[in-house]
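**Student:** Sequence:
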Amino acid sequence: MLDDKPLVSIEKLCVEFETNDGVVVGVKDVSFDIKPGECVCVVGESGSGKSVSSLSLMRLVEFGGGTIAGGRLMFDKGDGQVVDLATQGGPAMRDIRGNRIGMIFQEPMTALNPVFTVGDQLAEGLMAHRGMNRTQARARALEILRQVRMPEPERRLDQYPHELSGGMRQRIVIAIAMACEPRLLICDEPTTALDVTIQAEILALIDRLKREKQIAVLFITHDMAVVAQMADRVVVMYRGDKVEEGPVTQIFENPREDYTKMLLAAVPRLGEMTGKPAPERLRLMRDGTHGAPEPIIVADPKPLLTVRNLTTRFAVKGGVLRRTLANVHAVEDVSFTINGGETLSLVGESGCGKSTCGRSILRLVEPQSGQVDLGGTDILALSPRALRKARRDMQMIFQDPFASLDPHMKLYDQVAEPMQNYGIGSRSEREDRIAALFDRVELPRHFMRRYPHEMSGGQRQRIAIARALALNPKLIIADEAVSALDVSVQAQVLNLLMELQQDMGISMLFISHDMAVVERVSHHVGVMYLGRIVEMGTRAQVFENPQHSYTRQLMSAVPVADPRQKKISEDLNFRPIPSPIHPVDYTPQPSVYREVAPGHRVLVDPVTHG
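The numbers in the numbering used here rise by one with no breaks, and the one at position 151 of the sequence shown is 151.
Bear in mind the hints are in silico, worked out from the structure with no lab data behind them.
By construction, the Cβ of each residue, glycine as well, lies at the ideal position given by its N, Cα and C atoms.
One thing to keep in mind: the hints can contain errors.
Said to hold, decoys possible - Pairwise CB distance ranges (calculated):
#, residue 1, residue 2, range
1, N472, V23, 35 to 41 Å
2, R564, P590, 43 to 49 Å
3, E62, A315, 42 to 48 Å
4, E181, A436, 48 to 54 Å
Could you put the whole structure together from the sequences, leaning on the hints where they help?
**Tutor:** The structure is reproduced here in structure tokens:
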């Protein structure tokens, strides 16, 4: 039962930012409460002010160039004191941050310190706020890593952030936030980088902490299915204003505002493509109208990219001489074909090898063996000079936009750089092309003069997409390309990618953990587990008739965008992920498949519990 007394009261919060274009108001007169044991979800488009509101509570907004221009941030510390966080000094806030208020940040690579090990970063808060010695803090850190289902937790303690996948880094951030068991947990897109099985477990863990310890949760997300599963109340924001607030069932079943209705209309739902022959654009509601979705059908498709027996391994070195002690089998004997104008999606848990597979195709990492044929050219046999020329036809949209953008370059220069490198167009032609790209990804043209740190996470990802489109490639490898976008912008960008695919015949390798999005955009789907494809088929075959136990497990973990169908459960029975690390002399078994139907194959291998 919820305590009627608020733990947090945000009262008429106003936040301003100084930019080259003058003062920008990020949040205007926003007010709402959070009670102990309550989860309040804040939703809205990128740039709506939802992350700024959470950063204000931690007094971190000042470090991003913002100023709390008005309002109060009342917080019950639990020791009989109710303080206004907006007026607290540095020492008082240091006692609150990471102790009484924990925060899970959106981009784990920028939230973690690259020069400290995972164990040191977990122990830091425990030693500072709980008075633990190093041995006690390390033991508690190991316990927390097990709670967030980190594979090989003992080994992770001594690793650095760059040695981990995006999903693993996000689990580290979650572990740090929960280590001191705070009274308020701020979750800023906490499951964005996680696959659905890990997401389900993390949501269950946060929900249990909320219920058992009466922790208040401020949950910021663009995933309306997660909102339906987690929220007690929902706050909808648009351009810095609060446009609607209410219980989660009311928001989903009887929204009052047109903007809220638009957000809900843009949500892709698992199962809505059943019986449909090809990908379809998402419905967008603008000014009360609905755009009718059209199937993306390719007449007489021909192969553009053929991957045969692709294998990529990484050496694990140690000792004084840094000898190779073992190998990480990141991608093992992977084969597939992508037809011109079609989309193949790879899905699977973080660390399964799907991102490494995409990077191996571009030779951003060098494969051990295999063949990658793009339009008759063997990519793996090319010289560095020939590879550079071939990469004009292959572009990648990376998972973490902040890491892929240069912090010292204006956005215009970042989008122009690929065209300059390949000598495309005159200066005025490039200016016109860049302006058109900004329009297509729905960013105002005056943003060209800004730097990456002046943009929200979703806006940075749209810049990355515009840059990838600049060279009119034949193949786009989209690695979690829409994971940082709210649902309305996600729908616009997915529709954009599908429109470009139909208009220009672009092929896509779409890497994602969002099963509903994969179902919407894919012609074919490959499910990866421990570096191998365990199931491959058309979208209809994989989603409507999943054969492998792991595929069925992924489907069962997908949250439903309906608050009356709560699926949060701690009894998830997901098996621990085995280690992909094997001794140097280990010889893996060849991949053996059985054909369920023409084009639908399933791995037969006891190692993958198939």
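**Student:** Is the distance from the Cβ of E62 to the Cβ of A315 consistent with 42 to 48 Å?
**Tutor:** holds (44 Å)
**Student:** Does 48 to 54 Å hold as the CB distance between E181 and A436, or does it fail?
**Tutor:** The hinted range 48 to 54 Å holds for E181 and A436, with Cβ atoms some 51 Å apart.
**Student:** Against the range 43 to 49 Å, how does the distance between the Cβ atoms of R564 and P590 compare: consistent or not?
**Tutor:** holds (47 Å)
**Student:** Does the Cβ pair N472, V23 satisfy 35 to 41 Å?
**Tutor:** Holds: the Cβ-Cβ distance is about 39 Å, inside 35 to 41 Å.
Going through the hint list in order, the structure satisfies each hint without exception.
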